[in-house]
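Q: Protein chains in written order, with UniProt numbering: chain A, 1 to 564; chain B, 1 to 564.
Among the hints, erroneous ones may be present.
Only some residues are given here: those of chain A computed to face chain B with a beta carbon under 10 Å [unchecked claim]:
#, residue
1, L164
2, G270
3, V430
4, R433
5, L440
Here are the computed lysine-lysine pairs in the BS3-like style, where the Cα-Cα straight-line distance is at most 30 Å [claimed, not checked]:
#, chain 1, residue 1, chain 2, residue 2
6, B, K157, A, K437
7, B, K295, A, K547
8, A, K172, B, K437
9, A, K295, B, K324
10, B, K547, A, K295
11, B, K295, A, K295
12, B, K437, A, K139
13, B, K329, A, K324
14, B, K329, B, K561
15, B, K24, A, K437
By construction, these hints were calculated from the structure, which means they are not laboratory data.
Keep in mind that this is a model prediction, so the values were computed, not measured.
The beta carbon of each residue, even a glycine, is placed where N, CA and C say it ideally should be.
Residues per chain are reported as follows:
2 protein chains.
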Amino acid sequence: MALTSWEQTAAAKRQSVLNAIPEKWRIKGPIPAPTEQRDVTGPYIQQFLSPREVEITETDAVGITERTTTGQWTAVEVTEAFCHRAALAHQLVNCLHEIFFDAALETARILDDHYTKTGKPLGPLHGLPVSLKDQFHVKGVETTMGYVGWINTFQGKTNDPRYLTHESELVKELRAAGAVLYCKTSVPMTLMSGETMNNIITYTHNPKNRLLSSGGSSGGEGALIALRGSPAGFGTDIGGSIRVPASFNGLYGIRPSVGRMPYEGAANSGDGQNTVLSVVGPLSPSARGLILLFKTVLGAMPWLGDPGVLEIPWREEIVEETRKLVQGKPEGLAFGIFYDDGQVKPQPPVERAMRIAAETIKRLGHKLIKWEPPSHLTAASLANRAYNMDGGADVLQNFALSNEAIHTSVVIDASGSPQKTALEIAALNVEKREYQKQYLDYWNSTAQVTGTGRPVDAVICPVAPHAACIPGKYATIGYTAFINVLDYTSAVVPVTSADRRVDVVGKEGREYFGELDRKTEGEYDADVFDGAPAGIQLFGRRLQEEKILVLAEYLGEEFRKASA
Amino acid sequence: MALTSWEQTAAAKRQSVLNAIPEKWRIKGPIPAPTEQRDVTGPYIQQFLSPREVEITETDAVGITERTTTGQWTAVEVTEAFCHRAALAHQLVNCLHEIFFDAALETARILDDHYTKTGKPLGPLHGLPVSLKDQFHVKGVETTMGYVGWINTFQGKTNDPRYLTHESELVKELRAAGAVLYCKTSVPMTLMSGETMNNIITYTHNPKNRLLSSGGSSGGEGALIALRGSPAGFGTDIGGSIRVPASFNGLYGIRPSVGRMPYEGAANSGDGQNTVLSVVGPLSPSARGLILLFKTVLGAMPWLGDPGVLEIPWREEIVEETRKLVQGKPEGLAFGIFYDDGQVKPQPPVERAMRIAAETIKRLGHKLIKWEPPSHLTAASLANRAYNMDGGADVLQNFALSNEAIHTSVVIDASGSPQKTALEIAALNVEKREYQKQYLDYWNSTAQVTGTGRPVDAVICPVAPHAACIPGKYATIGYTAFINVLDYTSAVVPVTSADRRVDVVGKEGREYFGELDRKTEGEYDADVFDGAPAGIQLFGRRLQEEKILVLAEYLGEEFRKASA
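So here's chain A without its partners, still in its complex pose:
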């Protein structure tokens, strides 16, 4: 059967991305089927790389910049190694939308020249390759955001002078800090999905277990970084889109509060929906990698380039205070915890990750209290009404540009329902604020039960009911979207991986919360999920990024030791 017009356009774009991979970096011969070779990280991808390339690409962002800012490694060598590995990653799991290795190498050469001439790095990210979700505009590079109708346009607009010329604020700031930009990563169409699929790159699989999803919507970032095709990158999160891929890929990621990281000049879905906002945040294999990126962007004073960014610099005093609490001074830390959201019980690997987290915290001598906040169901309802307030008009406009087919994993209502009116939206905003107030009051009230004299320092909970997920089976945003409604700070901390031997559904019957709970348990298969990473969420109040990052670093290290 002949391809339709949009299928041809999508196929051509798909091919052009592959064509951008130099011949020398193409995988010769067939790639084994996922059933034969699930895990393509570690030894599998290393077979295509030199020992030196493996050494470079398996060093974390902090380790790399320690070397590139002191002349031990050149930007060109580091860039080439990551370009090579990113090229392999894309061939293995379809994680890239844009490849611009030539421009990256040119940047790297300029950075090396700068270092040779001045003896100094250009900035704190000198020579560090940084990957970007395909919402950020980079000069000379397209942004399709997974829409076939955006190919050859600026966000769907033909003959727009910004096409291939516009650059997002974050991109400018990363360049000024010495970062090397070299690729943009895959997203699901509409960005509203816990998986990553579109008609251009098809589906982004989980590198640790290619039977499963890499998560979404920053799924390309998650997959690429898991394969060490990038040491760190930036995604966005409106309902879990940084945290889900971080967790599914065994990475750290942070969803900061609105106004800390610059979104200015980036493409988005439902742009102008002002009730529950998407935010930018980093993903990385190390917590200190997140800190490096976060601190560097704030060092660029992004509030001078983005009117939406708050003038809150990196607060080292909060870092110091938190480190003291970590050391048990004066009275240690207190964490809230909840194991399920009362709707869908997590599958066994996530349940075990939560148990490891809880036991570790107790063993370290910190307080752990049961978290019983205002219902997260209310938050999920608020989030869904916010996402769908235009009745799908925005995404339908973008689909109509090419008439492409809509994937079923899209969680936004694309049926063209009636739009909300101004009064309805105002009522939604008031309802959201009231929920936020109730939650804040609950948070404060825990000072009565923590024993530290303070409310909880942070709360621990699952990221999703599943460790990764079977394509098409993403269950619920109930564990993540409440954070976006509250505008709280939430980091993902890796804990363990699914293990077919121990992560089995209990033999005895249990009470189910409802149909979705039963269905989600039924979809679990210890054999299929084997190897899928499972992380946990660690969240704090609004604008608590410094504290949560320090706690993520601390707990992440302890979890690693506990599950080793």
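Following the hints, put chain B in place on chain A, whose structure we already have.
A: What follows is chain B alone, placed relative to chain A:
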């Protein structure tokens, strides 16, 4: 003719406010007509007060707390003096919606007891009477916000348990700091007006010239503080509602950026409209009074009680930096300035205030550059579309509660136009963000011309085309609403007063920007306006409150010397 039902309800409420004034504080005999006695401040109101009451009430907030926090003045004596003076003020210009002197004196007694027992003040505002715009809820006191339909209800809801029991966050924080709450001040129906009028208290006149308006919508605050019936109070501002009354009454006032002062638990108009937000801010006869209130509220960590407040404490380091710039270190200050908005030229008193400001700044050796930003017309259009996005549905619902008559000075569209849809609102939000970005870029670009190596430190401009205004003749929000669209920090600094001898319209013809410009000039009458205060606006970027407050204090003192 018999009164209609809503007229009776309004009259009864009006009388109940007057009834709350103790007999001993009622003005005996007739109050002269405004044509006979325009100015009721200073000697006029002093005739009803004892010398000691005059001494207390004409001390500013900082002077008062210096004495009340050290036991020199008791809270009871200070409170009684202000209650007395506020009672007089209301009888002269209709500036109060609620009077609760008994509760205030009870609070004052408790504060005095506390001081006697502990030898310490309760907090930094110990014993300071603070007035509140009638949007804030105080236990035991109604909030009508100028709606007849809100009488005997909680925000129009009958049998709501919050009626007479609910307290706004700001109110709680003020109490905890030791403030004494004793009255709530008048607002225009809908809050959307540059004057203050409603069917309950009728019209709030300008105490310096009762032929004119006290401004709006925080017009009761402006009038009360001008009469020294309050040393400091809180208003709100969505298009100029703190700045206009501050300027019309010769006061300092600040419209901070969204998220610094707590709005939680206060009544509002068009609540949930999220595009251009109303904010809370203080008014006071002294800049240091504003600083005291602002700093005290931040000291209460309002972000723990209001999810909309940002965790940005009072930044003393910015105060220090700004003071150094004031002293010419390293290279002094640079100000932008514009004398008119290209739509309506200010009337002569405002023109002269602007000249005094400009000459003072130049004389002090600071840089002054012509401010040529992205058009403020765009901002005014954005603001109007935001205010009217529900087609007046919110205010019409509130009018319908009593069927009361709508005053013509209401600037919101109350015609029941079609509401905007979600997509239209999203487009408006995007347009606003783009405007904010253009403005920020322009601001940054002035670093090229200031000669200080930095962009301008602040910008000077009129607050309105008129010094106060003739009732029903408020011309335009073009000088104020752009600040709300940008979410910038803007303070009003008093400069001078209209003088019939010098403030005359030039004899020679001039070019007019348009019909409104011609009309506004035509409405000016040097004799009628004589005595009306004229201030200027001093604005900085978003979240620059500390800097702008320090500059307001500095320039205010210099303007005072210059116009003395």
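Q: List, from low to high, the hint numbers that the structure doesn't satisfy.
A: Numbers 1, 13 and 15 - these are the hints that the structure violates, sorted from lowest upward.
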